[in-house]
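First residue of the sequence shown? That's 112 in this note's numbering, and the numbers climb one at a time after it.
Honestly, I wouldn't trust all of these hints.
Derived pair list, reagent style DMTMM-like, types lysine to aspartate or glutamate, alpha-carbon separation capped at 25 Å [as the list claims (entries may be wrong)]:
(1) Lys282 with Asp269
(2) Lys154 with Glu244
(3) Lys154 with Glu140
(4) Lys154 with Glu169
(5) Lys282 with Glu169
(6) Lys154 with Asp191
(7) Lys282 with Asp227
(8) Lys154 with Glu262
Now the in silico label distances, taken between C-beta atoms and shown as ranges [what the hints assert, rightly or not]:
(9) Ile268 with Ala205: 18 to 26 Å
(10) Leu302 with Asp150: 35 to 43 Å
(11) Ser183 with Thr306: 37 to 45 Å
(12) Val288 with Gly173: 50 to 58 Å
(13) Thr178 with Arg299: 18 to 26 Å
(14) Ile242 with Trp284: 41 to 49 Å
Quick caveat, the hints were computed from the structure, so don't treat them as lab data.
Yeah, the Cβ is synthetic: ideal placement off N, Cα and C, and Gly gets one too.
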Amino acid sequence: MNRPLLALVMFCLSVNFVPAHEVRPAYLELRQTGPESHDVLWKVPGRGEDMRLGLHVEFPAGCAPLTPPRGSFVNSSFIDRWSIRCAGGLTGGAINIAGLTGTMTDVLVRLERLDDTTQVVRLTPSSPSFIVESAPRALQVTRTYLVLGVEHILLGIDHLLFVLALLILVKGWRRLVGTITAFTTAHRITLAAATLGFVR
C-alpha cells in the first residue's frame, strides 16, 4: 500500500474519534432606543431541547428592566428579549456574563448606538466582562474578528487534518493553493449563509 493511500485510510479511521469543533458562542445584542434605554437580545446555545448553558447578563447597578424577558427556543438556542433602562446610560459601565468562567464558550457582544455607531466585543472565560465605550474603534472590531478567525482555524482539529490530507493528496503547490482557496471560499459562503439565516 502506498504512503498517500495509507495516510488517507488512517485519516478516515480517525474521523470517528475526533469530534468536529463547533463554534457556538452566545450572542448579546444591545440596541439603544433612547438616551438611557436599550433593547436586549440574549442568545444562548442549548444543550438538548430543555436545557441551556448557565450564562446570564449582569448590567451595571443603575440598570433595571423595562419589560420582562420574552423567551423562545429556536434552532437549538434559547433567545430572550427584553428592554432595560440605565440611569445615566451605559457608557462607562461594566457588563459581565455570569457563569462564563465555568465554560469553554465565548460571547460575542454587539452594541448599537442611536448614532448608528457600534461596539463589538468578544468575551471569553478568562475575560467575561467589558466596559461600554463612548465611541467605537475600528481597530478593536478588526482585531476581534481576526483573532476569532485564526482561533477557529488553528484550534479546529478537523481543519488541521483536512489541510494535512490535502498536503498528502494534492501534487504541486499551485494546485494545493487553489484547492485550499476553493475550500476557504466555500466555507466562508456557508458560514455567511448560516449566520444570515438563509440555511440551517
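Structure-based check of each hint:
Between the alpha carbons of lysine 282 and aspartate 269 the distance comes to roughly 21 Å, so the proposed pair stays at or under 25 Å and holds. Between lysine 154 and glutamate 244, the direct Cα distance comes to roughly 22 Å. Compliance with the 25 Å bound is thereby established for this hinted pair. Of the pairs offered as hints, the one joining lysine 154 and glutamate 140 holds, with about 9 Å between alpha carbons and a cut-off of 25 Å not exceeded. The hinted pair formed by lysine 154 and glutamate 169 meets the criterion: a straight-line CA distance of about 14 Å does not exceed 25 Å.
Proximity of lysine 282 to glutamate 169 is assessed by CA-CA distance (about 54 Å); at most 25 Å being required, the pair is judged violated. For the hint pairing lysine 154 with aspartate 191, the CA-to-CA distance comes to about 7 Å; that is within 25 Å, so the pair holds. Between lysine 282 and aspartate 227 the alpha-carbon distance is near 49 Å, which puts this suggested pair outside the 25 Å criterion. For the proposed pair lysine 154 and glutamate 262, the alpha carbon gap of about 22 Å is at most 25 Å, so the pair holds.
Distance hint check for isoleucine 268 and alanine 205: the Cβ-Cβ separation is about 35 Å, which falls outside the suggested range of 18 to 26 Å. In this structure the hint that leucine 302 and aspartate 150 lie 35 to 43 Å apart at CB is violated, the actual value being about 26 Å. Distance hint check: the CB atoms of serine 183 and threonine 306 are about 19 Å apart, inconsistent with the given range 37 to 45 Å. Valine 288 and glycine 173 have their C-beta atoms about 54 Å apart, which keeps the hinted 50 to 58 Å range intact.
At about 37 Å, the CB distance of threonine 178 to arginine 299 disagrees with the hint of 18 to 26 Å. A hinted range of 41 to 49 Å for the beta carbons of isoleucine 242 and tryptophan 284 is consistent with their spacing of about 46 Å.
Violation of the numbered hints given earlier is confined to hints 5, 7, 9, 10, 11 and 13; the remaining hints are satisfied by the structure.
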